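Since chain Y is already given, all that's left is putting chain H with the ligand on it; use the hints.
Each protein sequence line maps, in turn, to chains Y and H.
Residue numbering for the first sequence follows this note's numbering, beginning at 1 and increasing consecutively.
Residue numbering for the second sequence follows this note's numbering, beginning at 1 and increasing consecutively.
Fair warning: there could be bad hints in the mix.
[What the hints assert, rightly or not] Listed next, the stretches of chain H that the computed footprint assigns to chain Y, with coverage defined by at least 3 CB atoms under 8 Å from CB atoms of chain Y:
(1) 42-48
(2) 79-88
(3) 92-104
Worth flagging that the hints you see were computed from the coordinates, not collected in a lab.
Computed from a predicted model, the values in this text were never measured in an experiment.
Just so it is clear, CB atoms sit at the ideal spot from N, CA and C, and this is done for glycine as well.
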Amino acid sequence: MKIIVCVKQVPDAKDVKLDPVTNTLAREGVESIMNPYDQHALEAAVALKETCGGEVIVLSMGPPQAEEVLRLALSCGADRAVLVSDRSFAGADTWATSYTLSRAVKKIGDYDLIICGKQAIDGDTAQVGPGLAMRLGIPYATCIQKIRNADDSAIVVERMMDEGYDVLQSGYPVLFTVVKDINHPRVPSLKGKMKAKKAEITRFSAADIDADPSCIGLSGSPTQVVKVFPPEPRGERAIFSGTVDEQVELLVEKIKPYLV
Amino acid sequence: MTIPFFDRRNMNFVLYEMLGAEQLTSYDYYREHSRETFDAIIEVAEQIAREHFHSHNVKADKNEPVMIDGRVTIIPEVKEAIGHFTEAGFLASHHREDLGGIQLPWVVNQACFSIFQAANISTVAYPFLTIAAANVIEAFGSEEQKARYLPPMLDGRCFGTMALTEPQAGSSLADITTTAVPTPEGHYLLRGNKMFISGGEHELSENIVHLVLARIVGAPPGVKGISLFLVPRYQVNPDGSLGEHNDVAVSGLLHKMGYRGTVSTALNFGENNRCVSYLIGEPHKGLTYMFHMMNEARIGVGMGAAMLGYAGYLYSLDYARTRPQGRLPSNKDPQARPVMLVEHTDVRRMLLQQKAYVEGAYALGLYAAWLVDQHKYAPDEQIRKNCGLLLDILTPIVKAWPSEYGLKANYQAIQILGGYGYTREYPVEQYYRDNRLNPIHEGTNGIQAIDLLGRKVTMFDGAAFKRLLAAITETIEQAKSEPVLKEWTGQLDQALTTVETATAALLETLGQEGIETYLANASLYLEMTGHLVLAWIWLRQASVACRRMESASGSDQKFYRGKLQACRYFFHWELPKVHYQSQILRNMDRTCLDMQDDWF
Ligand SMILES: Cc1cc2nc3c(=O)[nH]c(=O)nc-3n(C[C@H](O)[C@H](O)[C@H](O)COP(=O)(O)OP(=O)(O)OC[C@H]3O[C@@H](n4cnc5c(N)ncnc54)[C@H](O)[C@@H]3O)c2cc1C
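Looking at chain H on its own, in the form it has when it is part of the complex:
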């Protein structure tokens, strides 16, 4: 028997019952679609993920990419799986028809991708990087760059990378030193070292396009002097054929805790001073271009974290249902048959905790993807604007909360399997190792916290923050009249006020004591606001469950009851945390700020 690694019932719940994704088909851009096409496409994703991605998840973990005779060697299953992904059309699915896409809503795309993430996060990283790089070229590349590079990136002949990080500059991209020298021919020669570049070298595709952040010689210091360059591994001739090998060399592979199937490289650009590269867009706007794409990339990271948490939850649930151990405290008969683990309340606590985290994070991720669609294509300008604001403020939370709590879910999955969970014979330890990356990459969670409090809360005079509070209030108002939800609407309302008060107090500090004090406890602020947002998402799920419960059949009844119970767990066990967190924040606690290096 195979143990499921994702839950289609819950996907349908979030996609259709909570978000009403079918309604997107009334937008002109999505008019060719219907619930039937969405379902048919999700089925294709499910089939490929099950048959071709999940099947080598463990093997890829045990056989990380290696250098043999200067070539990166990866187990063949990876290429084969990506071939199926590509042939089905997932690389291009969200693009316009004239680019070979099917104009699939991003939320449905993300739902499909979530299945791949649960099946095999490290193999699907290659196409995801390619999709992100192609999005950047499509948005900011010249017509000529688009014509030359997009077609092979959308049909899988060419993969993409994002090369931002340098050995001395990770979180602080302002300090990158890779330089670009203009040539009379119009291109640039690049020189510098990049670190941790995922998919930086391999033979899974004919060519690789690196999107590299660098400074044009003489550029102003800091982030305002960073430009974005397109660097092909092999030059591409005007007719599309491949030319000379570019001056990009792998200086080493990194050996990681998880995500082992994704090759991580240190790359040297321009060792021989002939690394031909092409400026994307205007000079010095590189970071803006990259950040433009960050919303979607960060939603992807949050979803990945949720899915790894989810896969661990489903595995530990199955285990808890089939592993007999011990007897209930009330049963003193040593001869009595042992009960299954799931009978023990403490095991159910660990299951509920996982369910509350992963189903909450999953719904949040798809909601954010739905906002992307609304922001781009809703006919009503006000809706587009509001959804854009919500997306802005939620992005750091959508990235950081699931990566923090998805990991905590994986911790509990291991705990449920006991000693077995700690061995490599069971998949839960791999999920944990894989998931440990998510708080680190795409901007560490610490950087997300600074982004949230330092930028997003105050942006447009606090308009995004206010929009978020208003959206939460709307849900509270709608749910109030439902007796089952009354208690929770009251609690969410209180939490909302708590967060609002803490934010106001912080903003006051900003005026009086400056940014250092204001940002001192930013991570705690993200955690608090994250919990508020998750409670809101849970109340939305519970409202749907309540509405549907009455007319639901047997298995659906249980499904909705499960939703209500997980919501209760979140409100009783998690949401109260915002009150003490808020207190620390309101007190402007200086413990960490005042700690001195030489006191450690």
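Just chain Y, with the same shape it has in the complex:
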């Protein structure tokens, strides 16, 4: 089975800030991570490969630094990685992104399954997965919480619903987006790290994927962000989790500075 996993490099949600002047995300000095949902998508793909055989290809559209998440994916079990990177892709919205990814997928060709995370934690749109399927003209299902079984002709999955879940069966090719309940992503292995360090990452430019210049980047993006602004502060609130003891400990830590 040939599985393509779409991964995105995102700023670590813990330290995202807005640039007060440009009202865009300030990426300077912010740590980048693999979008958490994509980690689950990758794990689902690698686990499937381990039972059914085949190949896992990770695909990312992004700046050259996005290579980092591709190497991380390689160290967690992906077989090869493709970075779609070109200055002309900058400023893409979900419409242009799904177009660009679809061109790259076509160039890779001959796939059975595409797995994406449910959404990226920076844009939070949840549109790219479905958009990509539409562009490719293949069926898709979102919010998959379990892959029940898969063989050469069909795959059976569970789709999370508000209450309970649906059981869906599909032939190939098909695209799924996954939720975090689907698995626990593995820690990279040492051998994986060594392999990833040396691996060649395939680069596709706009020309390589034969992209229509009017469909990519800013010019291919009908959505325009009018304003990005931080919500009005509502006074500090904190919600603690963990066992009761842990929560009490956290609470005490929190109020300690005010006690004197």
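What follows is chain H with the ligand alone, placed relative to chain Y:
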């Protein structure tokens, strides 16, 4: 907020700035590596240690292994954590590629392991025992034994133990009585009792391989009659599948002060006279084989002690920065806001003392691990030889000094937390209890002292001792020209002479009065030499800090200043001790030697 249990900045300092570990990648055996691979691997260790080991450190302490219906039951988090450790590949990391390893330098391995030790010393004991046992089999096992037992030990299906101690024979392994009877089939039948065997029974892995010291019937008495046997809990068939349960029974679990997550067992071998065991290597060479592996195991113990001390230091540092209490002596206003503990000089003394002990012990441990790499793989034969000598003489110190002083650091961590430190709500008392084992196992510190003075100082005509003095002198020479370090180079030079003089005086006694008098104050000798070595390690750290200070940025500046201040602490408060210790030794003080049993 989680309080860090280890310090990556300091690890990088020791690994790269002090030891230059990247240079190992120019050796053929390590050619696949680079600073990037080292860092990537350390990150994996950090992630697994944080997420899967540290998270149940307290729980494992509160829920020690128990026997239920004859089976040892351990909290599930232990197995899960070790699963991650194994899957990542840490069991095999230092081995050759064809064995499934990645040929990781031992010093980087040890740096990774140190994170696990700080996170949860008792859970990581299981894989560490397995790694040590696999090392023995790899070095001395037959091809057939290697083929059958190594693969499952390197991928985590089979764990290992080291079964040396018996109820009547701990320090004195010469007195073990477990016996092995040869059979016509070529294997042996083992019979005897072993005590304190860590990881002796559990269901964390499919199988367990015990490495057991025993005497073949008719063997000569003493250490020259001890052989090493491989005893699987379940027999392993030629195809690797598991066969019958072997005749190894748990006669009881031991309930300990610390290290509670590691199951400690008393084992009976051959109760039914069918304990099938396999000789490793040649007969009567068992102890030699075990000791061959001891350098690395003892470095591991020293590192563990340093890391427990370190974790306590970091915790008490955080506490001292956030706990308001009292006012400075100069402030007479009772209405004034209290200061944080760290503002009190006496608390800073306790912090500095911990810092000097644990960062010193840590750097010493990694230095020793670096020597292991040099000794094995340096292309230059002379370097290999010199590093081997240094390793020989330093091993008892690397084991004993951190276990003595790491514990003292934990004492101060508790002291900084005051009454709270004494309660079980804070982790520092557990660190103290855990760390209390380290002066006892892997050869008590008393035995290490006898090893140092009785064997290592005199070995090869004193070549190892001389090599150590020469290495210290080289550092002094290099540091001399740096004005900031001048005072300390002078003090270290004096201490060096002091230790040298005391050693010469002792050796003279050995000739005149015999071994009894010579070894009478061996523990003090180890303490003195240990302090000399630690001062040397501190001077090396200070030299690096000095060199880098000028071009360093804000946080690095502070880091290097901290190094210099801790070095100053060690030289002003600790190093002078060698002079009075040396005096006791030179005087051949007989107070302990002459004390009579019936005077107590
Ligand atoms: C938690 C724990 C885990 C352990 N794990 C293992 C394990 O996995 N495998 C294993 O084989 N063993 C293990 N041990 C055993 C450990 O190695 C021994 O406890 C240790 O070697 C000391 O032996 P002993 O307890 O019999 O003390 P003893 O040998 O009776 O020593 C008691 C004291 O007398 C001193 N002493 C003894 N002989 C001399 C001498 N000749 N000169 C001067 N002083 C001397 C010692 O230094 C010590 O202070 C473990 C012990 C503990 C507590």
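(request) Taking the numbered hints from earlier one at a time, note which ones the structure violates and give those numbers from smallest to largest. (result) Every hint satisfied by this model.
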